[in-house]
Amino acid sequence: MLHGTLEFLALRTLGDGHRLHGFEILDCIHQSTGQELQVEEGALYPALHRMQKRGWLGAKWGVSEKGRRAKYYQLSARGKKALADEEKRWARYVAAVANVTGPQEA
Amino acid sequence: MPESKPPSAPLDPNEGLLRELEHHIEERVDRLIGQGMTPEQARRTAMARFGDMQKWHSELKTIHSRTSWRARTEGVVRDIRHAFRQFRRAPGFAALAVLTLALGIGSSTAMFGVVKAVVWDPLPFPDADRLFELFEVTPDGSQFSVADANFLDFARVAAFEQLAASSRADLAFMGQTGPLNLIANQVTPSFFNVFGGDAQLGRTFNESEGGADPARVAVLSHGFWRSHFGDTNPVDQVVVLDNIPFSVVGVMPEGWAPLADPDLWVPLDVSPTSGRSGHWLQVVGRLAPGTSLDRATQEVEAMALALGQDHPETNENWTVRLVSLKESVVGADRIRGGWILMGAVGLLLMLACGSVANLLIARASTRIREMAVRSAIGAAPGRLIQQLLVEGLTLAAMAAVVGLGFAFLAIPAIQAVSPPDTPRIDQARVSGAVAAFSIGVALLTGLLFGLAPALRRRGAGASALRSGSRTTGRSGERLRRGLVAGQVAATVTLLFGAGLLASSFLRIQGTDIGMRLAGTSTVPLMMSGDRYTDRERQAATTRMREQIEAIPGVEWAGVSNVRPFSGSSTAIDLAIEGAPSSPEDAQFVRWRLAGAGYFAAAGLELVTGRLFESHDFAEDAEDVVVVTRSLATEFFGDVESALGRRIAMGWDGTNWQRIVGVIPDVEDLRIGTEPPLTFFMPDRGGWPWVIFLVRSENPQVSPNAQAIREAIWSVDAGLPVPVVEPLRASRDASVAGPRFNLALMSVFGTVALLLSIMGVYGVTQFAVSRRTQEIGVRLALGAEPKSVVRLLLRQGFGLALIGVVGGIAMAIWLSRFVESLLFQTAPTDPTSAVGAAGVTFLAVMLATWIPALRAANIEPTSALAAD
Numbered sequence: 011m012l013h014g015t016l017e018f019l020a021l022r023t024l025g026d027g028h029r030l031h032g033f034e035i036l037d038c039i040h041q042s043t044g045q046e047l048q049v050e051e052g053a054l055y056p057a058l059h060r061m062q063k064r065g066w067l068g069a070k071w072g073v074s075e076k077g078r079r080a081k082y083y084q085l086s087a088r089g090k091k092a093l094a095d096e097e098k099r100w101a102r103y104v105a106a107v108a109n110v111t112g113p114q115e116a
Numbered sequence: 061m062p063e064s065k066p067p068s069a070p071l072d073p074n075e076g077l078l079r080e081l082e083h084h085i086e087e088r089v090d091r092l093i094g095q096g097m098t099p100e101q102a103r104r105t106a107m108a109r110f111g112d113m114q115k116w117h118s119e120l121k122t123i124h125s126r127t128s129w130r131a132r133t134e135g136v137v138r139d140i141r142h143a144f145r146q147f148r149r150a151p152g153f154a155a156l157a158v159l160t161l162a163l164g165i166g167s168s169t170a171m172f173g174v175v176k177a178v179v180w181d182p183l184p185f186p187d188a189d190r191l192f193e194l195f196e197v198t199p200d201g202s203q204f205s206v207a208d209a210n211f212l213d214f215a216r217v218a219a220f221e222q223l224a225a226s227s228r229a230d231l232a233f234m235g236q237t238g239p240l241n242l243i244a245n246q247v248t249p250s251f252f253n254v255f256g257g258d259a260q261l262g263r264t265f266n267e268s269e270g271g272a273d274p275a276r277v278a279v280l281s282h283g284f285w286r287s288h289f290g291d292t293n294p295v296d297q298v299v300v301l302d303n304i305p306f307s308v309v310g311v312m313p314e315g316w317a318p319l320a321d322p323d324l325w326v327p328l329d330v331s332p333t334s335g336r337s338g339h340w341l342q343v344v345g346r347l348a349p350g351t352s353l354d355r356a357t358q359e360v361e362a363m364a365l366a367l368g369q370d371h372p373e374t375n376e377n378w379t380v381r382l383v384s385l386k387e388s389v390v391g392a393d394r395i396r397g398g399w400i401l402m403g404a405v406g407l408l409l410m411l412a413c414g415s416v417a418n419l420l421i422a423r424a425s426t427r428i429r430e431m432a433v434r435s436a437i438g439a440a441p442g443r444l445i446q447q448l449l450v451e452g453l454t455l456a457a458m459a460a461v462v463g464l465g466f467a468f469l470a471i472p473a474i475q476a477v478s479p480p481d482t483p484r485i486d487q488a489r490v491s492g493a494v495a496a497f498s499i500g501v502a503l504l505t506g507l508l509f510g511l512a513p514a515l516r517r518r519g520a521g522a523s524a525l526r527s528g529s530r531t532t533g534r535s536g537e538r539l540r541r542g543l544v545a546g547q548v549a550a551t552v553t554l555l556f557g558a559g560l561l562a563s564s565f566l567r568i569q570g571t572d573i574g575m576r577l578a579g580t581s582t583v584p585l586m587m588s589g590d591r592y593t594d595r596e597r598q599a600a601t602t603r604m605r606e607q608i609e610a611i612p613g614v615e616w617a618g619v620s621n622v623r624p625f626s627g628s629s630t631a632i633d634l635a636i637e638g639a640p641s642s643p644e645d646a647q648f649v650r651w652r653l654a655g656a657g658y659f660a661a662a663g664l665e666l667v668t669g670r671l672f673e674s675h676d677f678a679e680d681a682e683d684v685v686v687v688t689r690s691l692a693t694e695f696f697g698d699v700e701s702a703l704g705r706r707i708a709m710g711w712d713g714t715n716w717q718r719i720v721g722v723i724p725d726v727e728d729l730r731i732g733t734e735p736p737l738t739f740f741m742p743d744r745g746g747w748p749w750v751i752f753l754v755r756s757e758n759p760q761v762s763p764n765a766q767a768i769r770e771a772i773w774s775v776d777a778g779l780p781v782p783v784v785e786p787l788r789a790s791r792d793a794s795v796a797g798p799r800f801n802l803a804l805m806s807v808f809g810t811v812a813l814l815l816s817i818m819g820v821y822g823v824t825q826f827a828v829s830r831r832t833q834e835i836g837v838r839l840a841l842g843a844e845p846k847s848v849v850r851l852l853l854r855q856g857f858g859l860a861l862i863g864v865v866g867g868i869a870m871a872i873w874l875s876r877f878v879e880s881l882l883f884q885t886a887p888t889d890p891t892s893a894v895g896a897a898g899v900t901f902l903a904v905m906l907a908t909w910i911p912a913l914r915a916a917n918i919e920p921t922s923a924l925a926a927d
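Protein chains in written order, with the working numbering: chain A, 11 to 116; chain B, 61 to 927.
It cannot be assumed that every hint is accurate.
[To be verified] Below, computed lysine-lysine pairings styled on DSS-like, alpha-carbon distance capped at 30 Å:
hint : chain 1 : residue 1 : chain 2 : residue 2
1    : B       : LYS176    : A       : LYS90
2    : B       : LYS115    : A       : LYS63
3    : B       : LYS121    : A       : LYS76
4    : A       : LYS63     : B       : LYS176
5    : A       : LYS81     : A       : LYS91
6    : B       : LYS121    : A       : LYS81
7    : A       : LYS70     : A       : LYS91
8    : B       : LYS176    : A       : LYS76
9    : A       : LYS70     : B       : LYS176
10   : A       : LYS70     : B       : LYS115
11   : B       : LYS386    : A       : LYS81
12   : B       : LYS386    : B       : LYS176
13   : A       : LYS91     : B       : LYS121
What the hints contain is simulated information worked out from the structure, not anything from laboratory work.
None of these values were measured; they are calculated from a predicted model.
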């Protein structure tokens, strides 16, 4: 995984402007990547908080449908720009990997 | 899990973090129960999938309190603990890295401490940077002491705040155990002002006590006071020196010994009528505030010019030279040597850093995977870099501590082997400044090393996670090989330097000084004018000589007026009969006295003509001289033409002396210079300084010192005999400087060689392990083991070649700085170059060959299966 894969996936999930809490974000990621992530689930939260500190996400405490207190995240304007940059970066990486023909010493 | 607060109440930040994580668990538990698990199962699974709650909580806390100092420090402390854990996991690596770096830090710290004390520290006097020494310079450029009347004129120069003169005198004193030879400095009263010396007891000299008719007063040194007066106050007491009573007026504090370390100081007699042709004063002074040395030089040179016009017979075309006192005391040779040794040890330090860098890069390859994972889950690059920096700094800090310890041991070792006359070397120690230096070096290297793995991380990428093998990639290996090539080059440079110094030293040792070194001793005596008239002196020395030659084992004895290898000499300008001379053409040569038996005792054989015979020593005998070969060829073309010609002392001299014999050149002052032009006059007892040269029949055995003393005392019981020194010891002491430089440079070169060998071995071993699979494939496909060895050797050869060639080039470029320290050795000395290159090359090939042999023994099957 490249640096910040988890962050990127979380950004994409929030890309459509949704307001989601952590568990919901993880759910969406699982659905879109079609497999379980090979890291502990708790790893998502440092990623979310870092992005929040950077100003990419806004966060607000609310109440979930089940009546529980939960922290909801939403993409900010800066976050939208960051998402666009990351998508470009990933596209480049995918293209580069597609050119590689099998395992070699880098 | 029941909520402790109603949903609408605000949360404090920490509670919020925990609440968010707990919410996730709750949701996961719900989901799992919905999929059919029991609540307990669901909770266990949810916790397992989530990971350690504490860990995530703490990481969230760190993220949010990142700007607080406490969090920062906690993070650093955590990193330090993490670093130690890493070192414990690989203790061999850690120990090697720390020891290597400690070697570099320790040796450079020790060298810094020594050079600082000897060369860089200011002299321990107030306003030491304004102190200078003044020399007169002969028309042909030789540096001379100052004449009395000239000194008084120079003292009037406005740029000088103070000018003082000093002259050594040996005075006889009757101690408790027998006659003693005291070393006294005759000084002007201004001497104490120049060096800011206040007496510990009593006072120093008044202005009125100096001058033309100085008072009979004395200021004692601390050591002399203690040993002869104990605790009693000596002020106003009397000491008898050379049978003259002197009244003690003061005592100087312990350790106050500018310029020299005499037993006591007495006033110098100097007046305008003292004359301008006898140059024996050592002159020092302090510049007026705000005056530069250049400015003062201009003023005093103008004064010298004026004196040359006013007194052409003595001063024409003489000039003066000012040297800062520190430079004069330390000596240009030591200043140069100090810089060269610092440069060499700096090279060694870089070598050590290169070794450690190599080790860290190799180890970084095993950490790439760990770092890639942490980076993938979003750990900020800053955190990773901080961790690596902390690791590097921790390593460097440990090395600094060990290195300082090493320096504590190294400095006394250096002091022990240093030349005995090295000024201030006993003040070398690990001071605050010195420790700061080593800490600074450690910090720098720690920062560099911390960043090295971080830089390697860039190149890792996806392949690092995918492949299981240790790898830094091609560029990593290239960097390592580059570092090792640099180490090899540095080693060659240091060994070349050592080779140059060794070559120079051997040439010095092998220089024929003209006299026989083995089995010869010198005995300096002060037979002063108040004790002897000239005639009495001649008679006494003749009787002493007879007594000494009567000692069993002694073959010859004779007197002269200069002690070999003492560093000081007697010189005069010369007039050649028949050749017109003027002050500007005056050439200065050395003159010596030779008593009966001197030439035989020195082993100087006649080249042509004759040596002195007994009739030459009579008072009314014709004035004849014996010259050295170089003087004969310089002034007369060849040795035969010199015979019968006449010379006179002083460019306008009229006391002609006939050359009757020529002897081989004598270099007995300071090896490393060209043999000087010298002529000998017969000793008629006119010079109070009498040096006996005593030669044994058997070169292996030195003459019996006690017997010599008794022989002398049998003629004059009250004459102090300070020392009977073998000539070889004097000679060795005079070359102690070059020997010291050579010793240190050799140590640096050897350590460098060892580090290079380890470096080459390490990088070759690493290449082998990296390509184990490839080698296994080759061997499995039928390649001969020999071919694998050849392949690796070829790579090692390439590395060695680049390193050695680069090293030679660098060494030759740097050798220009060493040139001034060399004697009869060119900076491009081929022997040293070939030797240094050859030794290093062989060592590198050896270090390549051993892992190569191991590579050839790789089991193909296990190699292919290896991860």
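*If any of the earlier hints don't hold here, list their numbers in rising order.*
1, 4, 8, 9 and 11
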